[in-house]
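Which chain is which? The protein sequence lines are A and B, in order. One point on numbering: in my numbering, the residue at position 280 of the first sequence is 280, and numbering is uninterrupted. One point on numbering: in my numbering, the residue at position 313 of the second sequence is 657, and numbering is uninterrupted.
Sample of chain B residues with no beta-carbon within 10 Å of chain A, all distances over it, derived: (1) A402; (2) E529; (3) G555; (4) R638.
Taking lysine-lysine and the DSS-like style, the derived pairs with C-alpha atoms no more than 25 Å apart in a straight line are: (5) K161/A x K20/A; (6) K476/B x K20/A; (7) K364/B x K132/A; (8) K505/B x K364/B.
Read the hints as simulated data drawn from the structure, not as lab findings. Source: prediction; values computed, not measured. By construction, the Cβ of each residue, glycine as well, lies at the ideal position given by its N, Cα and C atoms.
What follows is the residue order along each chain.
Protein chains: 2
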Amino acid sequence: MIPGPFLLYLGHSDDSVAIKTSRGLAEFRRDDCVGEFRHDDCPLTLGLPRMRMAQAAAAGARTMVLGIASAGGRLGADLVADAAAALEVGMNVAAGLHERLRNEPRLVQMAAERGLQLFDVRDPPADLTVGKGYPRAGHRLLTVGTDCSVGKMYSTLALTKALRARGVTADFRATGQTGILIAGEGVPVDAVVADFISGAIERLAPARHDGGWDLIEGQGSLFHPSFAGVSLGLLHGAQPEALVLCDEPGRAHMRGIPGRPTPGLAETLERNLEAARVTNPDVRAVGVCVNTSRMDGPEALRLCGQIEDELGLPCTDPVAHGAEAIIDRLLCVEPSALATTASH
Amino acid sequence: MIPGPFLLYLGHSDDSVAIKTSRGLAEFRRDDCVGEFRHDDCPLTLGLPRMRMAQAAAAGARTMVLGIASAGGRLGADLVADAAAALEVGMNVAAGLHERLRNEPRLVQMAAERGLQLFDVRDPPADLTVGKGYPRAGHRLLTVGTDCSVGKMYSTLALTKALRARGVTADFRATGQTGILIAGEGVPVDAVVADFISGAIERLAPARHDGGWDLIEGQGSLFHPSFAGVSLGLLHGAQPEALVLCDEPGRAHMRGIPGRPTPGLAETLERNLEAARVTNPDVRAVGVCVNTSRMDGPEALRLCGQIEDELGLPCTDPVAHGAEAIIDRLLCVEPSALATTASH
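Construct all of the structure, not just a fragment, from the sequences and the given hints.
Set out below in structure tokens:
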């Protein structure tokens, strides 16, 4: 577990997408964030107090989180210098970049000398095995999407929160760097060796017997030519009884692939259900989550109504309008879960 | 490139499946194999002269190939000792195990002192990138299967040979350790980081403009709960215009998963075509390859006839009966390929 509270790093960023990991922590673990660190050329803010490193440490921050996506996942000289400054004042450092903190000798030495820790959350566990697909106990929900970055993590977190509010035991299972930092644990499924994709997810959400739910964060899309292999292995490993489809309406093309249109909702859902049946023949869809943050209120409600009519499933923007309709459908599917009492 | 000729290692094996990499070299590169090395407790043979290390080196062997699958891909003390003995007499050593030769300091030092090389063919390239799925030039065929180890590599090699015999330029593109040792190059797709599966295949078979064919070795199965992610990323990255379905009839269950039946041929083909359309809407199936080595001749022919009737595609055991019918169908699909002259 990565010790909080956190100082969130924005660095020199001027791209709101690039700071998505810091923003995720600010949104979902705000009580664990004492402030944000940004250089003078950074026009962005998460609405937290701006602090220097020493101020943050004095305010109780135990870990500085490099919650940014640098070009190519690189750990450049500026990031190393800022990580060193955090260690200097007594904070651990966490990052989810492709280039690892532990491969920077200067940071490794400083951390060792001070009894501090470096957390590379993109590191998969070393002892993964292949998945087997044998039926296992427990209730599992997986979010799947038309594309990358359409709100699968936000939706999974919102559904987890809504289930808990009903008194149902529920745990968010993270599969990406932001989710892992929010949850404090998880498996960075895009970084595991290809043979172990489904095995990594079987380990992330093993058999459970307490009647509670694992809500597993999906990744990518079966229709994304870069990442579909990850999405399919994740789907098989998750062995979900419930799928929630996620979409961001109005996207001009699939993320990172100009010219490639996003797939339709019905087609995406059908293909995911079909593939999911390989490890759970009883899988079913329980709802659709759309990110309507770029639409006005009436337009968003109209869109949700259209999707409900088209797919016969509850559709909502879980951040703007809550996830109650989907939870209703989910718990109808499995009424026994209602009997479970909360343990959180 | 790994320098031949080779000495093929059987070690202490008494399991014919465990020596499949050595056997693949003995079958497809027999002229490059001077002999086989086995301990007295090994009852297996590839029909090559049995040689000690020094004998093999004297006979011209330049590389000893550890062509066996050990439990868990481990490089145990016995294998290290035999690899050291090969280096001692002046041979390079090649292996495709999960545990790497280069992580054995004793072997690294011996190789360095003698100017010899260690080849870990399971090492993926270090600079892979994500696939993009953009249409690219060239003719590509991919073998897909109902399961692992149903003959995809053998079929791909047989199809490559048959195409060349027609005067068509054709190259085998290897994706597994045995294929890589046979071809001398390739990408071990099950060992790449999950994000880079399709990108690795786009690099293995990039755009080509000579009118020739890339015949890409498939892996796993879209229905295998351990490896489907690899299979899907491979399928998207291959962007094939032609699929050949491979099957081993009579298998009791999917490889490594007792209790799980293998999928039907029609279902397997349909699912692969559907997924392949994500990167090539014009993909089509051109034939079925079955491994009938456990059937008698009339039974094998009857089965092929049944499959032809069911799927409307030529069906053959390419090892026993050749691949001509599939090549006919393939070249009908793309008659322009007939005009290509052989460059091999």
